[in-house]
Each structure stands twice: as structure tokens, then as C-alpha cells.
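Protein chains in written order, with my numbering: chain A, 1 to 139; chain B, 1 to 339.
Because the hints were derived from the structure by calculation, they are not lab data.
Computed from a predicted structure; not experimentally measured.
Relax, there's no trap hidden among the hints.
Here are some, though not all, of the chain A residues that point toward chain B, as calculated from beta-carbon distances under 7 Å: (1) Ile2; (2) Glu11; (3) Ala27; (4) Leu39; (5) Ile103; (6) His106; (7) Arg132; (8) Val139.
Each residue gets a CB set at the ideal place from its N, CA and C atoms; glycine is no exception.
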Amino acid sequence: MIPAVPAVLAEIAGIAVRNALPDVHPADRASSLGLSAALLGMAAEVWDGMAARLVEENRAVRRLLARGGEVGLDLAALAAGSDEDLRISALKAANDALRAGLIDLHAAAEAKGATELEAAIWAELRASTERRKLAASPV
Amino acid sequence: MALEPRLAAYIAARMPQAAEVAVHDLTRISGGASRETYRFRLTWREDGQGRERRLILRRDPPASLIDTERRIEFEAYRAFAGSAVPVPQMLWLEEADEALDHPFFIAEEIAGFQASPALLFAPPYVSTLAKLGERKWTILGEIAKADAGALGLTEVMEPVAAEACWDRELSYWERVLDDDAAEPLPITRAAIRWLRANPPPPARKVGVVHGDFRTGNFLYDEAGGIHGVLDWEMCHLGDPLEDLGWSFNPVWSFGQGLAGGLLPRAEAISVWERASGLTADPAALHWWELFNCVKGQAIWISSARVFLDGGNREPITVYPPWALQNAQDRATLQVMGRL
Numbered sequence: 001m002i003p004a005v006p007a008v009l010a011e012i013a014g015i016a017v018r019n020a021l022p023d024v025h026p027a028d029r030a031s032s033l034g035l036s037a038a039l040l041g042m043a044a045e046v047w048d049g050m051a052a053r054l055v056e057e058n059r060a061v062r063r064l065l066a067r068g069g070e071v072g073l074d075l076a077a078l079a080a081g082s083d084e085d086l087r088i089s090a091l092k093a094a095n096d097a098l099r100a101g102l103i104d105l106h107a108a109a110e111a112k113g114a115t116e117l118e119a120a121i122w123a124e125l126r127a128s129t130e131r132r133k134l135a136a137s138p139v
Numbered sequence: 001m002a003l004e005p006r007l008a009a010y011i012a013a014r015m016p017q018a019a020e021v022a023v024h025d026l027t028r029i030s031g032g033a034s035r036e037t038y039r040f041r042l043t044w045r046e047d048g049q050g051r052e053r054r055l056i057l058r059r060d061p062p063a064s065l066i067d068t069e070r071r072i073e074f075e076a077y078r079a080f081a082g083s084a085v086p087v088p089q090m091l092w093l094e095e096a097d098e099a100l101d102h103p104f105f106i107a108e109e110i111a112g113f114q115a116s117p118a119l120l121f122a123p124p125y126v127s128t129l130a131k132l133g134e135r136k137w138t139i140l141g142e143i144a145k146a147d148a149g150a151l152g153l154t155e156v157m158e159p160v161a162a163e164a165c166w167d168r169e170l171s172y173w174e175r176v177l178d179d180d181a182a183e184p185l186p187i188t189r190a191a192i193r194w195l196r197a198n199p200p201p202p203a204r205k206v207g208v209v210h211g212d213f214r215t216g217n218f219l220y221d222e223a224g225g226i227h228g229v230l231d232w233e234m235c236h237l238g239d240p241l242e243d244l245g246w247s248f249n250p251v252w253s254f255g256q257g258l259a260g261g262l263l264p265r266a267e268a269i270s271v272w273e274r275a276s277g278l279t280a281d282p283a284a285l286h287w288w289e290l291f292n293c294v295k296g297q298a299i300w301i302s303s304a305r306v307f308l309d310g311g312n313r314e315p316i317t318v319y320p321p322w323a324l325q326n327a328q329d330r331a332t333l334q335v336m337g338r339l
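Produce the complete structure using the sequences and hints provided.
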């Protein structure tokens, strides 16, 4: 999730302190705390599974990138990585690099008519939205 | 100095016939990340009598998720005043920073109605959804039917040729994505490739596009009536199908499985066609629906960018990317037949 959860939680901590002051207009307080509560709920929902989700996704994308040769791309170095560092920031940085590679792979698969690889990429993209889906998602 | 006396001084200078001009009950309305919106009560004395009016202040924030011209928004509201498209009356536009630190405009408040989609799916509103949907897409059809030149909007909005509508809009929002995305967006990028490879036919008509016509941006009552269409800040000239496509963005279905949470899609199209006098070519409409998934994603990630750059770190800038970015990806897959 971007902005990253820790940055948002830090901001909400500041908002809570500011809203504890007596001179905040009740309407401003209600608006600020209502939205903050919604964000806290979302952070709580994703917190436990976030590292597992990133590791699972990074592995899935690496498997696809390893097929880059099918469409003339050498993505072996990217595909060869692993998730030694389990901090969410490190997993997310790897995820960003891998998904950037996935965009190149997807475009190349389309251009070369590599339909089986393309279908596998779409399946992963669909799965990626399932991993990220929030309980209150409208879609 | 507090906002109230500065606002009162500004208005008093524009009401030379008025004395004792005062602002009361200034209250910020929650929501809206591109403008700060406040409601207030204005009182004054005129011809020896006390007067009162409920007004709205829309002020630019220090940093906004959508870069828009408030003059275009102001003129769009003004253009539709007294028409079949209900809008609040515009009073004053101020484009300089001196009076209230940022540009703003002041309008009448249309009081006593709801805008929040959250209220729609419970009594007393839930029984009026079909009627509200009919009204919603009738009004959108009226916007599509409008003559932008006769309304004076071609004077303030950038012209566009019928065959260029799609490319102008797609290029604009693609640039926003290029500039603001803080992470790769493989689904949105795939959608953009498809849109460029499969352009729509030229617009049947270059008309007024509201730009954000959705459930949540109009004021409704308990009988399925609509009393004000709001948030014209992305209004522009273009293909009316763009607005219809935005109204069908699945993220505005609120999980109800209906267009805008209100009507089956086919019914909404029929209502729009009747009101606009236009036909919605299915392939062209599909293009605009997918385009609007890209546009939506660009707006959500721009909101994240505002937070990341430190321009505005209020919760309202975080809510769109957290709540809607993945939902928009799923909507994109759905429109592309991939979900």
C-alpha cells in the first residue's frame, strides 16, 4: 500500500494529538478522526498478511520473469533474486522491481503473440488483486 | 486572523448595499481532496432589515490531487444555472491569494439534501434507487445534449476535434500516471496499451463533459429527486461517452452490482440515450469505460503522490489510494473481461 503504512500511522498519531486539543472545531475533528479511523481499519486488515503476500507474489512474478527468453527478454538476473530480507520495505522494493519487469514481459508477450505466456501473466495479475483485496472493496 | 472575519470582509466589499455583514457557523464539509469546502451562514442588514443566506465556500487547498482551474469549474456551474441540469447558484470567484490565502469561489448552499452514497442503500433511500438512477442518467443525458457554444463554455474551455478527444484525454492521464506513480502499475499499463491499439471512432458530438459525474457528486432527496450536480472541477469539452463511461466505472457500484449502485447498465444507457438524443455505440462506450479505469487510477495515485511529496498529509489524501487503487485494478480487469 502506498503511502506506506508506517508513514500513515505516524501521521495519524499526530492527528490524534492535534484533535485532543480543546479548540478544534467539532466538524473538523469529526472529519479528521472519521477518516483516520477508516485508515486504521485498513491498516489493521492488511498488517498480518502483508509480508506473506509480498513473498508469495515475488515468487510468482519471478517464475514468470524466468520465461523472458520466450519473448527475447533476458530477465534472468531479476528472476534469480530471493527474499532474504523480510522487512516489508525490502519486500516491497523487490516487488516494485519485479512488477516493473512484469510490465516489460507483458508488453513483449503481446507484441510477439506469446498467448500462453500472456495468459499466465493475466492469471498472476488477477491473483495480485485477490491478494490485495480489502473486505470492503467495491469490486 | 480567523477565516470568518476575512470572509465577511471580502463579501461586504461585494455587497455595497449591505451593512453589518457577518459570517456564522463556518463548518468544513468532510470529503473532497481537491478543494476545501465549507458551509456558512451569512447575515447582513439591508434597507433596514436583517437578511440571511446559506452559502458555500470552495477554496483551493495548499496541494491538491487534481490540478484544475477554478474558473472553469465556476463557469461550468454558471452555464447550467436555470437549465434542466440542477446546479447551485455561483456568486463570486476570486483567483488571487490575498483575500483567503488561496483562490476560492462562493456559491449558494442547496440545503436539506444528501450527497453521501453510504446513505443510499438503507431506508428511506433504498426504495427510490431506480427512480434516482433514472434521474441521474437523464441529467447526464441533458449535459451531453447541451450546446457548449451556446452556454459560453467554448470561451473558457480548450477546444478539441471530434477525432482527437480520446487521444487528448488518454495522453493527459497517462502523463499524470508517468509523473505521479510511486510503484509499477502492470494492470493499468496493460489497459493503456489496449486503449492505444484499439482507439474509438471519432466523437459523434463534441460536447460538455462533466468529468466526475458519479453517485456521490449530486444532492438527492428521499423521493429519488436530484437537486444539485456538484464537483464540476474536471469539466471540459469532449466526447459525451466519456461521462457515461465514468458513471459506469465499477468502483462506483458500491458493491451493489448495478451501475452507480442504482440501475442495471443497459437501463442506464437507455435513459441516457433518450435524454441526450445520442446513441451509445457499444464498442466506443467500452473504450471509454476502460479509459475511465485508467483515469480513476491516475486520480488515486495522484492523491498518494500529494501525501508522499508532503503537500498535504491529511487522511483524505491516503483514503483514495488505499481504498480504491486495488479496486480500480479489479475494475480494469472486469472491463477488459479478465476478472
